[in-house]
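For the sequence shown, counting from 1, position 288 maps to 288 in UniProt numbering; every step adds exactly one.
The set of hints was computed from the structure by calculation and includes no laboratory data. Everything numeric in this text was worked out from a predicted model, so none of it was measured. All residues carry an ideal CB built from backbone N, CA and C; glycine is no exception. A portion of the hints provided could be inaccurate.
[Stated by the list, open to error] Label-pair ranges, simulated between beta-carbon atoms:
id: 1; residue 1: S602; residue 2: T368; range: 18 to 24 angstroms
id: 2; residue 1: N509; residue 2: G9; range: 39 to 45 angstroms
id: 3; residue 1: R728; residue 2: W612; range: 53 to 59 angstroms
id: 4; residue 1: R728; residue 2: R406; range: 56 to 62 angstroms
id: 5; residue 1: P305; residue 2: E281; range: 18 to 24 angstroms
id: 6; residue 1: D832; residue 2: K627; range: 39 to 45 angstroms
id: 7; residue 1: D682; residue 2: R463; range: 56 to 62 angstroms
id: 8; residue 1: V129; residue 2: A66; range: 57 to 63 angstroms
id: 9; residue 1: N469; residue 2: Q391; range: 40 to 46 angstroms
id: 10; residue 1: T212; residue 2: I232; range: 51 to 57 angstroms
id: 11; residue 1: R463; residue 2: Y254; range: 32 to 38 angstroms
id: 12; residue 1: N469; residue 2: D413; range: 31 to 37 angstroms
id: 13; residue 1: N543; residue 2: T368; range: 52 to 58 angstroms
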Amino acid sequence: MAAQKKSNGEILIKGAKVHNLKDVTVSIPRNKFIVVTGVSGSGKSSLTIDTLYAEGQRRYAESLSAYARQFLNRMNKPEVDYIKGLCPAIAIEQKVITRTPRSTVGTMTEIYDYLRLLFARAGVTISPVSGQEVKKDDVADVVSAIQKLKEGDRVFILVKFKQHRNRDIKEELNILMQKGFSRIAMDTNEAGEGMAVKRIEDFLEMDAADVTKLFQAGKGKKESAYILIDRIVVKDFDEDDIHRLGDSIGTAFYEGEGDVYVEVIPQTGKKKLLNFNSRFELDGIVFEEPQPNLFSFNNPLGACPACEGFSLVLGIDTDLVIPDKRLSVYEGAVAPWKGEKLGKWKDAFVRSAAKDNFPVHKPIADLTKEQYNYLWKTRGGINDFFREVEQNLYKVQYRVLLSRYRGRTTCPDCNGYRLRKEALYVQVGGKNIGELCEMPARDLKTWFDQLKLTNHQKEIAKRILIEINNRLDTLLKVGLGYLTMNRVANTLSGGESQRIQLTRSLGSNLTNSLYILDEPSIGLHSRDTSNLIKVLKELRDLNNTVVVVEHDEMVMQQADHIIDMGPLASHLGGEVVAEGDFKTLIKNPESLTGKYLSGEFSIAPPKTVRKWNRSIKVEGARHNNLKDITVAFPLNVLCVVSGVSGSGKTTLVKQILYPALQKMKGEFSGDKVGFHKAITGDVEHVQQIEMVDQNPIGKSSRSNPVTYIKAYDEIRDLFAKQPLSKMRGFQPKHFSFNVDGGRCDTCKGEGEQIVEMQFLADVHLVCESCGGKRFKEEILEVKYKDKSIFDVLEMSVDEAIDFFADERKLSDAIRPLSDVGLGYVKLGQSSDTLSGGEAQRVKLASFLGKGKASNKVLFIFDEPTTGLHFHDIKKLLASFNALIEQGHSILVIEHNIDVIRSADWLIELGPDAGDGGGELVFAGKPTDIKKVKQSFTSKYI
1 MAAQKKSNGE ILIKGAKVHN LKDVTVSIPR NKFIVVTGVS GSGKSSLTID
51 TLYAEGQRRY AESLSAYARQ FLNRMNKPEV DYIKGLCPAI AIEQKVITRT
101 PRSTVGTMTE IYDYLRLLFA RAGVTISPVS GQEVKKDDVA DVVSAIQKLK
151 EGDRVFILVK FKQHRNRDIK EELNILMQKG FSRIAMDTNE AGEGMAVKRI
201 EDFLEMDAAD VTKLFQAGKG KKESAYILID RIVVKDFDED DIHRLGDSIG
251 TAFYEGEGDV YVEVIPQTGK KKLLNFNSRF ELDGIVFEEP QPNLFSFNNP
301 LGACPACEGF SLVLGIDTDL VIPDKRLSVY EGAVAPWKGE KLGKWKDAFV
351 RSAAKDNFPV HKPIADLTKE QYNYLWKTRG GINDFFREVE QNLYKVQYRV
401 LLSRYRGRTT CPDCNGYRLR KEALYVQVGG KNIGELCEMP ARDLKTWFDQ
451 LKLTNHQKEI AKRILIEINN RLDTLLKVGL GYLTMNRVAN TLSGGESQRI
501 QLTRSLGSNL TNSLYILDEP SIGLHSRDTS NLIKVLKELR DLNNTVVVVE
551 HDEMVMQQAD HIIDMGPLAS HLGGEVVAEG DFKTLIKNPE SLTGKYLSGE
601 FSIAPPKTVR KWNRSIKVEG ARHNNLKDIT VAFPLNVLCV VSGVSGSGKT
651 TLVKQILYPA LQKMKGEFSG DKVGFHKAIT GDVEHVQQIE MVDQNPIGKS
701 SRSNPVTYIK AYDEIRDLFA KQPLSKMRGF QPKHFSFNVD GGRCDTCKGE
751 GEQIVEMQFL ADVHLVCESC GGKRFKEEIL EVKYKDKSIF DVLEMSVDEA
801 IDFFADERKL SDAIRPLSDV GLGYVKLGQS SDTLSGGEAQ RVKLASFLGK
851 GKASNKVLFI FDEPTTGLHF HDIKKLLASF NALIEQGHSI LVIEHNIDVI
901 RSADWLIELG PDAGDGGGEL VFAGKPTDIK KVKQSFTSKY I
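Produce the complete structure using the sequences and hints provided.
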């Protein structure tokens, strides 16, 4: 126990000054579960990610050789006096870390890597022709077969005599003599004595013509020549005999190029000729031998040659061919079968379909899978139609016709499995690797629990199965049991991506490490948060220090230690306000978080709920796991869509409603619209659809919030109107750091110069010419109220509103940033330093700033409370109400209970995730959900 106590200790951070941190000194207890909380912009990420993690990574990089360091992302030393007691650091950030369509849930969790190994080592190759197992024989198989024969049986080990091109038979025999072989066995096809054995020397003494005649004559009489490798009488073999036998069989496999024949002449009964083959073939097909790379779609050996491992190819797009699935074939559902000439295809299909009882009057959406396949694959069906089109491509009208219906479609060669067919012949437990990757994680876990293997397979797969089961268990614990292994990584939400990284980290069983997680509860329903907490505690119990940046009350209640940053944001934050456990935090009068947790402050639900009379309805939604549901989304109110993670919220809103409305408005969207029957209702009441997501607002380091909301134009105009500007002929463009003129010529308005140091961290030097002020000296001489353009950009939003109080238009342009809770952000702060939640609120502010627009907009928000403290959620809801007062409509996908309570209309999907979800559980006022027993939200509201 003493050793355990000694190892605990603490991590001491002394004098942290990164971003807005005000010389913070704080100690973090080791091997504990710690929550860092506080309002948005208070310095939580600066303390955890930018100080703790950055220093941990930098120390690791410094331990490597100079050669290795030049290939790493070079890390600057964070601005901190020192950090004592730091252990290896792993950060799991709230970002979708990959954009490549080659990365899947299986590859991210490493489950797919273990599956590849399982199939390569314990898989059985099944011939698609006979359904038989494909095996290849080795030396041990032949030895075993001989040992099973009766004692006294005579055995000849033979290989076929082959005459190579450009050699006569005598020459071939001569070479065999030189190799050490001395006898040829000739099959005379007579029962009893077996093959006639002749010495090679005897053949060599004969005339060449006679030898050739002798060898070739046999072919007509079914007589064949073999090289006799060895002959032996079956007995109780000792070790030396088995060695000799093994050597002879090895030689035979080599000489016979994979084919060995064993003639058995029993003491009684008929002779028999056994054939052994070390080639991997059956039914006339030579199969690929299983190896891990054969099952990798990122490797040329395993990737499907048609789609190159992407699962999609350019082909006939089914959604373009049948755009409206409400129609039947008779009503013209098949778009190309129109007009006088091509309409004949429809007429012919309708006539022939009657014979096969195909329902030509049934809407496409209601067809069974077999009926849908019949429409495409039967003679005279859609596939035949496009075959004829392709045969006539020399005519321009057919080329135009084909181009109209081409798009990205599932690869027909691999059926979307991404692998070449040889890999899909290999099975474990009767399934190929592609079929396993299509199963949701929870079903895959059940399948592995029931998997029956032979003793030999069990021995090989023992370790692999432990790794697979551990990772699947963690996936289920963090609420991702509904994901399939082939789900593409770039379709995951930030919260899902983060929990998948957590699965990988737990699978590796590291100990004595520092884990830093950025809001792991994002995207989780309250039901799943409790499971997540168990996983984090398991990580701590492996002797790790788990630091979580979090606002969730459930997580805080379970923490061993809480650090509350604040008191407010930006220049008003950056201090440690309170430390201790949950009870200590509640009692602390300085802690804003404590006041919300104790109930002293709260987010009160609205006294009255808005009534609505207009809505947009999605009918018959059945994409992914949605089960043919019809949902009405009311307009001019705050409508919230909730439900457990994986219940179908994103599918309904982001994959059906949003792209379908965009198409109806004629706005191009690269997204395919999810499967549904129709969008009806007051669609014309919405002139514009805006998806306000958490993607960065600008990739350039010069992009900033004030340019994004178009308020910088007002600031530049104001400075251009100053007397000194007029005297010097300065125009608004001179006060921009994006174009030449007023910006510093040396650093091009960046304020710093970067010196590349190869294997050391790049050195960021303040620009010598402008001293980091980004503008030329003569531009900085222009002042408004004694402040230059640089001084204004250094102000926070709240400071700027007070400063520009006299300039009503300008202060009104900046105010929306403060209204959405970004009063702490500097006007000139680079966009790439904003978090996802902050970027989302800058977008929201840009719409608020437009005032009462003539265009009625439907705003769709995907989890806007990401990164928000209770205090900021209050501001966010006020912003939503302001947009609704302007005549807009707001639709929010959200799990936050405060936002759900504040909704005018609540839609809950579920009841569970994956196959257990996809149903409409509830639609109505939030207060009425308590009556719905199958709702998980009702328990928490």
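For each hint, the structure was consulted:
{"no.": "1", "hint": "S602 with T368: 18 to 24 angstroms", "result": "53 angstroms, violated"}
{"no.": "2", "hint": "N509 with G9: 39 to 45 angstroms", "result": "22 angstroms, violated"}
{"no.": "3", "hint": "R728 with W612: 53 to 59 angstroms", "result": "57 angstroms, holds"}
{"no.": "4", "hint": "R728 with R406: 56 to 62 angstroms", "result": "59 angstroms, holds"}
{"no.": "5", "hint": "P305 with E281: 18 to 24 angstroms", "result": "21 angstroms, holds"}
{"no.": "6", "hint": "D832 with K627: 39 to 45 angstroms", "result": "42 angstroms, holds"}
{"no.": "7", "hint": "D682 with R463: 56 to 62 angstroms", "result": "60 angstroms, holds"}
{"no.": "8", "hint": "V129 with A66: 57 to 63 angstroms", "result": "59 angstroms, holds"}
{"no.": "9", "hint": "N469 with Q391: 40 to 46 angstroms", "result": "53 angstroms, violated"}
{"no.": "10", "hint": "T212 with I232: 51 to 57 angstroms", "result": "31 angstroms, violated"}
{"no.": "11", "hint": "R463 with Y254: 32 to 38 angstroms", "result": "34 angstroms, holds"}
{"no.": "12", "hint": "N469 with D413: 31 to 37 angstroms", "result": "32 angstroms, holds"}
{"no.": "13", "hint": "N543 with T368: 52 to 58 angstroms", "result": "56 angstroms, holds"}
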